[in-house]
Amino acid sequence: MVYQSVLLVDDDDDSNFISELVIKKSSIAESITCVKNGNEALKFIINCNPFNIASTDEKYNQIVFLDLHMPVMDGFDFLAQLTAKIPNYTERIKIYILTSSSNPADIAKAQEYTIQGYINKPLDINKIKLLME
Amino acid sequence: MDQITDFITNIFGTESWPARWFCGTWSDFHGWLYIMSSLIIWAAYFAIPLSLIYLISKKKDTLPFQRIFWLFIIFILSCGLTHLVDALIFWYPVYRLSALVLFFTAIVSWITVIGIFKVVPAALTLKSPKQLEQIVIERTQQLEASNDNLIRLNKDMDNFIYSASHDLKSPVNNIEGLIQLLKLELDTTSNKTVNDLIGRIESSTAKVKNTVLNLTDIVKIQSNPYQDIQMVDIRETIKEILLENEMIVQQSKAIITFSLNIEVIEYSKQAFKSILYNLIINAIKYRSPDRTPMIEVHSNYNPYTKRNEISVKDNGLGIDLNLYRDKVFNLFKRFHDHIEGSGIGLYIINKIVEGKGGKIEIESTVNAGSTFKVIF
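So the sequences go chain by chain: V and Y.
Counting from 133, one number per residue, gives the positions in the first sequence under this note's numbering.
Counting from 8, one number per residue, gives the positions in the second sequence under this note's numbering.
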């Protein structure tokens with residue numbers, strides 16, 4: 133399964149670097165984009181809004197790897213805004229939380245939204261393989 | 008002195024006086040008025056002490072100033088006796104007895120007066136039920152405020168620790184990820200030095216990560232999250248643990264047996280698994296190099312203490328309890344330098360067990376083995 137776009141949302145440059153390299157090596161995406169916070173992520177998704185694409189095209193699939201703790205707009209606020217602006221985002225967008233946090237409060241809060249999974253950093257090829265199954 | 012001996016030997020004597028009916032002129036009315044009044048007083052002075060005795064028997068230890076109560080009882084009884092004798096004298100002029108009873112009553116009454124004087128200061132400090140209730144309400148409010156404060160502080164500390172550990176974990180996770188990627192780029196098979204260096208970096212990184220994880224575990228324990236109480240299948244849990252740690256179990260060549268007298272236990276599944284995991288892993292880790300590790304897990308219900316018990320027995324290195332009995336469950340306390348370990352496992356499971364009202368008991372002989380018994 134190959135995704136047309138992978139969006140990495142994390143304010144940590146090194147973390148994005150690692151995730152980007154791992155995704156490139158596992159060849160699951162046609163294009164990879166990195167943004168620094170929830171705000172930029174929202175702009176990206178809305179701009180290349182998959183729901184604008186003509187319906188004759190194949191399904192546009194997007195994966196988002198979302199960090200939780202970022203400045204400007206964190207992961208939770210992003211999810212809230214996304215749900216508000218594009219309530220049916222789950223049709224085309226899969227969101228995975230990718231974080232260093234094992235705080236049960238964070239995990240519980242994340243469950244309030246429709247997400248595909250909660251992954252602990254760092255991302256590696258094995259974890260990607262597991263996701264694709 | 009003769010008078011006194013005469014008095015005592017003739018205490019019941021009546022010959023020296025006429026019966027009161029015949030002493031002077033007593034009309035029937037007058038006489039009986041005197042007699043009946045005396046008898047009624049005697050009856051009351053008998054009933055009052057009886058009620059006091061009843062009160063004492065019912066209140067037992069909670070009645071203050073019990074000695075005074077008894078003094079009153081004796082005092083009133085003897086007062087009553089004087090009036091009884093007074094009525095009796097109408098027929099039997101036992102005037103000597105009468106004097107003796109009066110004398111006895113005089114002594115007792117002044118003992119009572121002194122007793123009351125002594126007790127008045129203490130009696131003045133006694134608080135009425137209303138006052139006591141008010142004090143209880145105030146104290147409870149103070150406690151509740153203190154409690155709320157503690158909960159808030161605890162939460163603040165928890166958040167701080169999560170925050171700090173997250174900030175530590177982020178770069179560590181990055182190092183981990185970068186090493187994996189580095190390994191893919193480098194030719195580690197032919198260059199032994201590179202291989203060794205990378206291996207050591209990985210190992211140090213893992214230690215840092217482990218320490219941070221352990222610290223967050225301790226924080227989680229403090230907030231007592233193990234609420235998932237259910238009927239836990241003991242056998243299944245042990246099998247899960249062995250499966251999840253297959254590599255360590257196989258490497259150690261440990262032989263693990265179980266004899267379960269109880270199959271299920273009502274407990275938090277997560278907590279139970281944590282406890283068993285720590286005990287079994289310890290038994291494997293601290294095995295003796297001289298012999299095949301044999302680990303036995305027993306479960307039973309103790310009918311005397313009415314509690315479930317689980318023991319994990321091993322034939323490993325053992326702990327010198329003479330030296331370390333009090334320190335075994337301390338944080339970061341380790342007894343064997345040459346074996347991997349953070350010293351947190353026993354601390355954590357002890358906290359869990361004690362937090363739920365249980366206990367862990369240890370028996371151990373150096374170089375023979377240890378038995379850890381968990382009483383739930």
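The set of hints was computed from the structure by calculation and includes no laboratory data.
Among the clues, some could well be false.
Listed next, the stretches of chain V that the computed footprint assigns to chain Y, with coverage defined by at least 3 CB atoms under 8 Å from CB atoms of chain Y [what the hints assert, rightly or not]:
| hint | segment |
| --- | --- |
| 1 | 151-161 |
| 2 | 228-237 |
Residues on chain V that point at chain Y, a partial pick, calculated with CB under 10 Å [what the hints assert, rightly or not]:
| hint | residue |
| --- | --- |
| 3 | D144 |
| 4 | L200 |
| 5 | V204 |
Being a predicted model, the structure only gives us computed values, none of them experimental.
Note that the Cβ used here is the ideal one computed from N, Cα and C, for glycine as well.
Hint by hint, here is what the structure shows:
1. 151-161: Contact hint for the segment 151-161 of chain V vs chain Y: holds, 4 residues under 8 Å.
2. 228-237: holds (count 6)
3. D144: holds, 6 Å
4. L200: Hint on L200/V: holds, closest Cβ of chain Y at ~9 Å, below 10 Å.
5. V204: violated, 17 Å
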